[in-house]
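Trainee: Chains H and E are the protein sequences, given in the same order. So that you can map any letter, position 145 of the first sequence is 145 in the numbering used here, and since no number is skipped, the others follow by simple counting. So that you can map any letter, position 102 of the second sequence is 102 in the numbering used here, and since no number is skipped, the others follow by simple counting.
Heads up, some of the hints might be wrong.
[To be verified] Think about it this way: if two alpha-carbon atoms lie no more than 25 Å apart in a straight line, the pair counts; the simulated DSS-like pairs of lysine-lysine are:
(1) K232(E) with K105(H)
(2) K125(H) with K74(E)
(3) K145(H) with K208(E)
(4) K145(E) with K105(E)
(5) K105(H) with K52(H)
(6) K232(H) with K52(E)
(7) K51(E) with K125(E)
Note that these hints are calculated values from the structure, not bench results. It should be emphasised that the depicted structure is a prediction, and the values quoted were computed from it without experimental measurement.
The primary structure of each chain is shown beneath.
There are 2 protein chains.
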Amino acid sequence: MLLLIGIGLNDPQDITLKGLEAVQETDYVYLENYTSKLQCSTGDLETFYKKKIILADREFVEDGSIILQQAQEKNVALLIIGDVFSATTHMSLYLQAREKNIAVKIVHNASILTAVGITGLQLYKFGKTTSIPFHDSSTPVQVIKANYPLHTLCLLDLDPKNNKYMEAQDALTMLIHKGLDPETKVIACAQLGSDSSVILYTEAKNVKPLGKFPQCIIVPGELHFMEKEALKTYTFN
Amino acid sequence: MLLLIGIGLNDPQDITLKGLEAVQETDYVYLENYTSKLQCSTGDLETFYKKKIILADREFVEDGSIILQQAQEKNVALLIIGDVFSATTHMSLYLQAREKNIAVKIVHNASILTAVGITGLQLYKFGKTTSIPFHDSSTPVQVIKANYPLHTLCLLDLDPKNNKYMEAQDALTMLIHKGLDPETKVIACAQLGSDSSVILYTEAKNVKPLGKFPQCIIVPGELHFMEKEALKTYTFN
């Protein structure tokens with residue numbers, strides 16, 4: 001059996017009771033460590049889950065052959081930061097398992113895609129999500145403009161293997177270079193979903209390094225009165 | 001202190017370890033029972049959480065005065081189906097608490113907004129979310145058309161107090177009446193995020209009653225090759 005288990009956004013206690021029980025009954029536990037960044041170490045997870053964890057990089061998960069072979073005879077868990085299908089990369093493994101008639105169990109969890117609701121922006125009013133890559137790209141600004149009057153969530157690139165995480169300030173410099181008005185009001189966020197999250201509502205040109213990761217940016221579209229009220233509480237001049 | 005605790009989509013075991021610990025340390029535990037439907041009773045939650053639960057309807061939560069008064073001196077938890085801010089209705093309580101300098105703790109959880117990822121549709125390609133009300137409305141079809149080529153998630157209305165939940169078939173009849181081509185391929189879903197979920201990919205006119213609740217409909221936009229591969233596994237003729 002293959003178990004795809006979302007472990008949420010922060011630390012060991014973010015797993016669900018269902019997820020923890022499932023993890024503890026498996027023979028192998030992998031952790032994908034390339035789609036986001038937890039606020040704890042793999043060792044913290046191992047201590048709390050009472051299980052040895054094997055780190056799995058993108059190539060290993062997307063190839064999937066070892067995991068699927070093990071899942072034919074044993075219980076194999078893949079722990080996924082956030083929710084199971086928030087990143088597109090895990091769907092391929094799920095489909096391959098089903099094709100091979102391997103039983104699959106999914107345990108959902110919190111995702112950055114809904115944790116952004118704490119900003120006060122209404123989740124149903126978000127358009128397409130865009131990613132801001134380390135290299136130059138015109139796509140994010142195009143998405144932001146096409147989404148308007150809807151809000152745009154911009155996920156910032158990361159390379160955990162090399163301990164490299166993008167700062168909202170650098171992402172915004174790139175967006176401005178590609179045509180975003182520097183006076184556009186944006187929401188720069190770090191460590192959303194944790195008790196130490198940072199949320200700043202200010203003009204794009206004013207965003208300073210937040211120093212905590214992962215980060216994301218939201219470019220709001222048209223704002224409802226209630227959304228404005230919420231954003232006021234995060235205003236930074 | 002006010003604790004806003006997402007409890008996920010299904011049953012008592014969907015709460016996170018962090019959420020359970022928080023619930024057990026509170027003096028009053030409310031459960032909002034109007035934004036969705038769990039696959040268990042309030043009694044099941046009480047037994048598992050070892051806490052008495054008070055049901056709270058929309059008026060009680062949106063007014064908020066009793067909860068906020070209690071939260072000035074005691075620990076008060078509001079349990080929310082799905083993630084905390086997936087429904088817009090809980091933001092007002094959060095803002096009121098902050099205005100009154102009441103400490104607030106948020107515990108995130110899984111939401112229908114990302115659980116739909118199991119269909120194989122890529123979550124970043126969804127546009128605005130729409131709700132299909134019991135009464136006639138032209139809005140959902142307008143949203144679907146405006147979102148294209150993005151996907152549209154349609155949440156179906158529900159009235160748990162009167163045990164009334166909308167069938168995807170009835171919602172689609174309304175959409176077709178308002179201009180949706182009856183041959184549009186749609187995904188009709190029931191109890192997503194549970195082990196007993198139903199996912200059917202077929203033409204709008206072909207959807208039959210699913211008999212399980214809650215339900216939602218997704219009207220896909222332009223499909224990527226991988227999305228088509230996933231949807232094939234849910235095809236129903």
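Trainee: Going back to the hint list, which numbers does this structure go against?
Mentor: 2, 3, 4, 6, 7
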